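Engineer: Residues per chain are reported as follows:
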Amino acid sequence: MSHVCLGCGWELARVRALPEARYGLCLVTCPRCDASAVRRPDALVAAYRRWRGVRRSVLALARQGGLMVLFVLGLAGAIAGNVNELLDLRATPLDAVRAVLSADLNSRLRDWILNEGLFGFVLWGALAVAAGVWLTAGLRHLSRSVWLVWAAALLIVSNFEWVAYPMARAFGRAIGDPFTEPMPVDAVVESRLVIWACTIALAGLGIPLGRQWNALYARHQRHRAGRYRARRRRAHQGQMK
Amino acid sequence: MNEQTAAPAHGTLSAPVERRVSTVAGHRLCSSCGFTLLGQPILREPHYAMLIIRCPECGAIAAVQEYPALGRWAARWAALLAAIWLVTLVGATLASAGILFGMSEGMLDAATTLYAEEIARAHDLWYKALPDPKASPVAAYMPAGAIVAPGAFSWIDAAWWKSVDKPAFLRAHGGWFGAMDPAAYWFAWWVVLAGLVIGIFWSVALLAARRTRAMLIAAAIVPLAASFCWLAHQGEAMPWVSGINLAANAAEAQFVPCTASLALAIGALSIAAGIWIGRPLVRLAVRTLLPPPMRLPLAGLWITDGLAPPPIRHRS
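Those protein sequence lines, which keep their order, are chains H and Z. Sequential numbering from 205 applies to the first sequence in the working numbering. Sequential numbering from 8 applies to the second sequence in the working numbering.
Treat the hints loosely; a few may be bogus.
Simulated restraints, written as ranges between beta carbons of each label pair [to be verified]:
id	chain 1	residue 1	chain 2	residue 2	range
1	H	Arg256	Z	Ala102	24 to 30 Å
2	H	Gly408	Z	Ala156	53 to 59 Å
3	Z	Leu101	H	Ala368	27 to 33 Å
4	H	Arg302	Z	Leu276	49 to 55 Å
5	H	Val273	Z	Pro140	39 to 45 Å
6	Z	Lys141	H	Leu327	35 to 41 Å
7	Z	Ala215	H	Gly213	53 to 59 Å
Some chain Z residues close to chain H (C-beta under 8 Å, calculated; not the full set) [to be verified]:
id	residue
8	Pro63
9	Gly66
10	Ile68
11	Ala70
12	Gln72
13	Ile284
14	Leu288
15	Pro298
Simulated from the structure, these hints should not be mistaken for lab results. This one's a predicted model, so the numbers in the text were calculated from it and none came from an experiment. Quick reminder that beta carbons are idealized off the backbone N, C-alpha and C, glycines included.
Same shape as in the complex, but just chain Z:
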């Protein structure tokens, strides 16, 4: 604590003076102009003998008398709110991973439409060449006499698909990136959008953490989303039907490693970008959309990055 006393000059009447007793160590804003009072002296004023801070910007006085919380309820409420906040953050982590998983599934669906049609066409050729097509389990699902064009949601014989050299079949259709529906590349923009929104949310939710440390959340979300993908694609797609499969499911089972890693990589980069630009973006939104007096309660967005809070009065 700094103790300084401004002594009156010799030979003059001793005028009451303000005595410096300490310095503001925490973040406190002037209630009049919003100027941050960090580092300002705390004075013992002579008239009422109160502790005050004088704002160097507008000269407004703030009394800094603090009373200790005598009851236990303040601490209890603080602990309860901290616990609720922690549970909320854990829930938000799971929700972020869920959104990223959903996006990777969407990308998988968008990517495999053309390849599933190729599988259905190959199956159709094989099916028509069978000496006795009625022996195939697919026959039960073929409407008698109807001509059905092979599509992504056509039934295929599971035994036939098992006998096909799948890597060779995929190579014959251009490999992962050649067989991929171009719609998947456009769907990647949805992944970017979702990742940016998730990143911006986390950059504000983790206000106490520096941006580099907040990036760690991306490192937690992506493995969680990857584990969701792994769990979702374990075993057969439709275990309740035997001997048949959908062309779309067969295509998706082959494409999962490609689209899931692509979507998760794009998602991770977008989340990191969202965390990086999140706070500046939210600060810009606050400055643009809110009138100056309403910015004061959100001053934490500036203080956390070591910036001066925005002025809370209209510029004259």
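The following block holds chain H by itself, in its conformation from the complex:
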């Protein structure tokens, strides 16, 4: 890209830009008239870089927004789903734990949890731990109060069946696919709170993983900055020779 000296019109494209100590800027000094100037990228290149920055931020925002929706709606759905399953089996979370720990092979509840319900429980646990990693590593720029906001959002959204069910039914009716799942109006509040608390506790298991991720990322950033400094030092030494 062309870079013309504003003092004498000399082509500065092949003159190396060097860091100066006074202002901390990278300056190109014209060999003919001694005028100094910062290197300016071409208008098209500058516009492309601006667009690349916006694209990077928008993609990061979409990724973070998607994860937020996944972790709030997915886990709220898992809480409501587990409560409904236990309600169908006329059991509480404590009954479920007792049934799994017992050696009673004839227990219907134990049989259901270890066969049909296993996939759902594993998915719920993995999602909760992943949410903990995300809250620790993905939102590390926020204070710890983000955990309170997330837990409150989870509790509120998992109690929104009275809105979600009629809306799903109305949508099903509009597209000609009737949604006939009955609304669990008598779902036990205690079960819901216990499963919600278990979700928060499982997310807490993700904190060490998130911290590990943060440490690895910080090390990577330090290495990158070191490599950048070394490259600039080598360039400066090359210019001095």
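Given chain H, put chain Z in place with the hints provided.
Structural biologist: Structure of chain Z alone, referenced to chain H:
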């Protein structure tokens, strides 16, 4: 352009001083801390004789030397991108109207199920009372010997439906709002949701416009969606079959003015609300979900409403 020179005091050695040559008139952010430099003086510094701006917040220096674009390609690309953006916005207007039209059709389907069943039941009574039911065109669609319960998707005799006093039939079943399936009221929440999403999209897409002016887009989308509704419900629902109709189609033809105006009104209000809350909501999302250095490229969301951009460094 403001010209101010800080002259050295008499009797002292003349020290090199910075000379103020102008003021920053556009939006430019400090590359170090993200502080907006609008209104800051542009100085001619004495050491290299360069034009600089000094950030009042962190003291970082920015060189403001700008080179004119000598080639023609920058202007050509700018014109091409502006044209592509304009076409995209026109497409997005049509898509928004299409979504609103689809929502009004969904609300129509959800609203008319019970009323269509009433029509089918009335037709069934009439059909069974006929001296010779086989003479009706519906007979060809009735399975011989089978007992079919009248439902929303039952066939009805078009001539019978034409002879019925439709406003009186609707009044007898409680009028528009009495005969409407309650599912339609729940479906209205989907319309609200879609309208809010459309509004938020437009509040960000029309970043250069004030929110009150961006509201005009709702005024363009709703008539477009209304014209789609009008076009979709012109003529018969199924012109390829003669003499018969579906109970659902008969009910929908009667309910269109009610549900379409209801859905479009709810949609317009939701789009307006989405435009109003869109930018603050997106700013909150950016502040919450992005680390400070990644907020700088999206500073336009703040600058457009006259707000200071968010800090791009972590608070210590």
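Engineer: Against each hint, give a clear statement of whether it holds in the structure.
Structural biologist: Quick rundown of the hints versus the structure:
1. At about 27 Å, the beta-carbon gap between H:Arg256 and Z:Ala102 stays in the expected band of 24 to 30 Å.
2. For H:Gly408 and Z:Ala156, the hinted distance range of 53 to 59 Å is satisfied, since their beta carbons lie about 55 Å from each other.
3. In this structure, Z:Leu101 and H:Ala368 meet the distance hint of 27 to 33 Å, their C-beta atoms being roughly 31 Å apart.
4. At roughly 53 Å, the beta-carbon separation of H:Arg302 and Z:Leu276 lies within the given 49 to 55 Å, and the hint holds.
5. Between H:Val273 and Z:Pro140, the C-beta spacing of about 55 Å breaks the proposed range 39 to 45 Å.
6. At roughly 58 Å, the beta carbons of Z:Lys141 and H:Leu327 sit outside the given window of 35 to 41 Å.
7. About 37 Å separates the C-beta atoms of Z:Ala215 and H:Gly213, a value inconsistent with the hinted range of 53 to 59 Å.
8. Given the 8 Å rule on beta carbons, the hint for Z:Pro63 is violated: about 16 Å separates it from the nearest Cβ of chain H.
9. Nearest Cβ of chain H to the Cβ of Z:Gly66: about 10 Å, over the 8 Å cut. The hint is violated.
10. Interface restraint check: Z:Ile68 against chain H, minimum CB-CB distance 4 Å, threshold 8 Å, status holds.
11. Of the supplied interface hints, the one on Z:Ala70 holds, with its beta-carbon coming within about 4 Å of a beta-carbon of chain H, less than 8 Å.
12. A least Cβ separation of about 6 Å between Z:Gln72 and chain H falls short of the 8 Å threshold, and the interface hint therefore holds.
13. Evaluation of the Z:Ile284 hint against chain H yields a violated restraint, the C-beta minimum of about 16 Å exceeding 8 Å.
14. Using the Cβ-Cβ criterion of 8 Å, the hint placing Z:Leu288 at the interface with chain H is not satisfied: the shortest such distance is roughly 11 Å.
15. Annotation: interface hint on Z:Pro298 holds; nearest CB of chain H at approximately 4 Å, less than 8 Å.
Checked against the numbered hints given earlier, this structure breaks hints 5, 6, 7, 8, 9, 13, 14; the rest are met.
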